[in-house]
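Chemist: Chains as they are written, first to last, in the working numbering: chain Y, 1 to 381; chain F, 1001 to 1289; chain L, 2001 to 2319.
Simulated from the structure, these hints should not be mistaken for laboratory data. All the pointers check out, no bait thrown in.
With a straight-line Cα cutoff of 35 Å, these simulated DSBU-like cross-link-like pairs (lysine-lysine) come out:
no., chain 1, residue 1, chain 2, residue 2
1, L, 2194, F, 1086
2, L, 2306, F, 1080
3, L, 2107, F, 1177
4, F, 1177, L, 2194
5, F, 1185, L, 2109
6, L, 2107, F, 1086
7, Y, 66, Y, 47
8, L, 2109, F, 1086
9, Y, 200, L, 2107
10, F, 1184, L, 2107
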Amino acid sequence: MFKKLTSRVLALLFISGLALLNANTIKIGAIVAATGPASFLGDPELKTLQHYVEKINANGGINGDKIELIHYDTGANPKKAVTFVKRLINQDKVVAIIGPSTTGETMAILKFVKKAKIPLLSMAGAVAIIDPVKPYVFKMVATDRMACQKVMQDLNTRGLTNLALISGSGGFGKSMRKQCKDVAKDYKINIVADETYGKKDSDMTAQLLKIKSNSKVQAVLNPGFGQGPAIVTKNYAQLKIKHPLYQSHGVASKKFIEIAGASSNGVRVVAPPVVVADKLDDSFPNKKVALDYKNEYEKAFNTQVSSFGGHAYDALFAIVEAIKSTDSTDPQKIRDGIENLKNFPGVDGIVNMSKDDHLGLDTKTGMIMLEIKDLDWTIVK
Amino acid sequence: MNEIFGFILSGIVVGFIYTLVGLGFTVIYNSSGIINFSQGEFVMAGGMSSVFLLQAGLPLGVSFILAIMITSLIGITLYKLISISKDSSQISLIILTLGFAIFLRGLAQVIFDKQLHTMPSMLGDGAFEILDTTLSYQSILIIIVSIIIVISLYLFFQKTKTGQAMVAASNNIDAAKLMGINIKKILMLNFAISAVIASIGGILLTPITSTNYEVGIMLGLKGFCAAIIGGLGNPFGAVAGGLLLGILESLVAGYISSEYKDAVAFIVLLAILFFMPGGIFGNTKAQRV
Amino acid sequence: MLDKFNINKQILLLTGILIVLPFLLQNDFHFEIAILAILNAIICIGLNLLMGYAGQVSLGHGAFAGLGAYISVILTSNYEFSPLFSIFISILLMSILAFIISKPILKLKGHYLAMATLGIGIIINIVLNVEEELTGGSDGMSVDSFSVFGFEFSDSIHWYILVSVLLVFFIWMFENLIDSPFGRVLRSIHDSEKAASSVGVDISHYKSIVFVLSVFIATIAGSLYAFFSGFISPQEASFNHSIELVVMVVLGGLGRIYGAIFGAVILTVLPQLLTAFEDYETLIFGAIIIVVMIFLPKGIASLWDKIVPTKEANLASSK
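Turn these sequences into a full structure, and let the hints guide you.
Modeler: Right, dumping it as structure tokens:
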């Protein structure tokens, strides 16, 4: 442990020395929830960023300039996100910011990036991030609204109409719950139960018992991310509830299956295609990018790819592309460059941004319905 | 209507965990008058250690025993720290144990990591179906082991020589010293016992709720509430307090508001402190100044 | 005479430091940390009064600061009151709340009192988290800008001046309080409650006043922090924050006002210096607490005493 400490001190000194020497670095900031209740979002995101920044720099950087990735871990705490974004803007003087990992954190820092006029590429889920459109805010993840629509399409296919919601109370869970209630009538779905649980709750049995004893329920959807849905899934199986359980893309990672264990079998999850890149149809337009990313990530980290890492990849390369296309590292120009992305092959789908659309993804290629079988992902036809 | 049975049942299971934590508080408090704010972290240490030992490839039984031993060493370390501190006023000790708790959490972050971890249930994933609800094998294990621990503690303190010596020491330190009882050893043993109980609770709980470096915070606080509700210093109080708290929490979550579940422990705590500081079973050492 | 001279010297020194500091700070972020440190120091003055002089441990002060802040923010954002007026109302409400709570709480002793403040703090935290409609829930809410009689506090330097003035004011107020008849009674209570009550002092009355004062100060500092940072979340009212405040006071030295300020500054600045060692932050924080409590239980101020004997030190050592 002391060895680690010493080497970190040395590394710190070394990097500071380097920073002094090489004033021509492109400073990109990142705010990730690498630890805490959203760590299975933030951890792969950070790993992805670090890996690809290193790779880009090894290949000469962008037009000869190296990227310096300055990242902070918020533990999914919006207050820390606020502190760190101010630090990135005022002290580190970055030209663009990737993150945060969660909706709550993103909403908290919006006004600061707006004031500073620095482009933000959020990796969070709620549609409110880019609707209404904000000039400096972009989103690299399919929205919660899309996830609701995908789930309801599936319910229609299976002939089910009565849905129970059990939602996490963080920004994403709250937002997706609202979106689902909004779009339900478009698919002729009735929301017959509406339970919630807290971010750090360790037991959802009470809420699930209420759902179980509600005879109208035919299916259950759990908007949320992080440890909450894993616990819901475990409790669900323990209580032997028979209805189909749906999870959002907030759990599209092997870590979810690991924690929920055998109880995750049979659960349907809306997910970005990268999670099953190798099983995708060749007709999927971004299959190559997704598959390449999956293979590279799995080789580098010896662990199954996570969709969240994919969001980070897309954010990083969107910035790289913007810098290349505008030949500038001015934050305003980078922002313009990102807004003009057309047919950009992202891991999450083909991205087409515009003045009115700061997401650029569409439902067809942005998300697919998966079912967990034998502790692995399978595509639902 | 049968859902109330389900609520009560899950409340009892959680209640036993609170009981184990509360018992840990009680053991230390009885022997030394100290409130150990790091009790929850002992629970966490038990759970986290066993997860990582299992992951390292050690067999189940070995992992558990090692985890318990590690935690008891942590308990003894705390005792040593307390005994060398220059100032043993209440404020200092409260803050010292709080600092130790924070230290343990930081240590867990560094040695293990910050992710959530789980273990497979010890008796498999099955469950009994009773009256429209289920009772998992793990929950039954928790209930049985907790009862065994409570009875063992009782027998130890009342029937064995060492145990009786401890009780004597806590009632009258001077007299105990005169009788040749080694106070230091007794205190150390008490801290170790407290840590052992807590770590067993942590191990049992992990398959159900998963563990991470932060689980100790709320568990510790609620366990403390349980001990006070029952009557600090009274082991049966800890049992009663723990079960009562678990059931009450579950009922509130089911019938009133699941979001306010965590507040139950503290509301009841305040009510007891204001109206019945000795707790339900009363305690001759209430309001120790 | 010499005593009065002593006190004024310290306040002058502090004022001098506060005036010089802005020229040393290099960017907005540094200012932010400085302002935060000063606001924490202000809360610690109140907490120090409660813990060091009235001998009451509060493990829930973060919650009081947080609740006071939320009231100010909600009144401004949702009900369109002016920030100043909102803070005024918040102070009023929190003081009343503190007074009501103080009666039953202050009858408890030792760790029972600590646990009661802890319980109240956690309940407040949970309510702030749950009542989403009002508070924005666990993700917090944005706070509108702060303006007083039309003057908008948009620049860091505005805030810096405001909080520095407040800090000096509260220190001056505190020192005068300690020297006043009220303060003498307080000290006598701390030295021996039995003796004090035997000469007719209404102990619970004094303790209540000190409790209310400490909450009053916490509300002001907490509210200003929310307006300054533009964001508020239930984290302000968390158990962790309450512990941080207690550690600040104890680290500095219970009953030592400059100790409390010193403790606040150290514990605010340290995490920022340690972000390179982010992973070890909690570990280091815990280790610091343990080391201080074992070897330096009277806080850093006791170290200072060995160098510069002061009147305060003599008072403190008589405890």
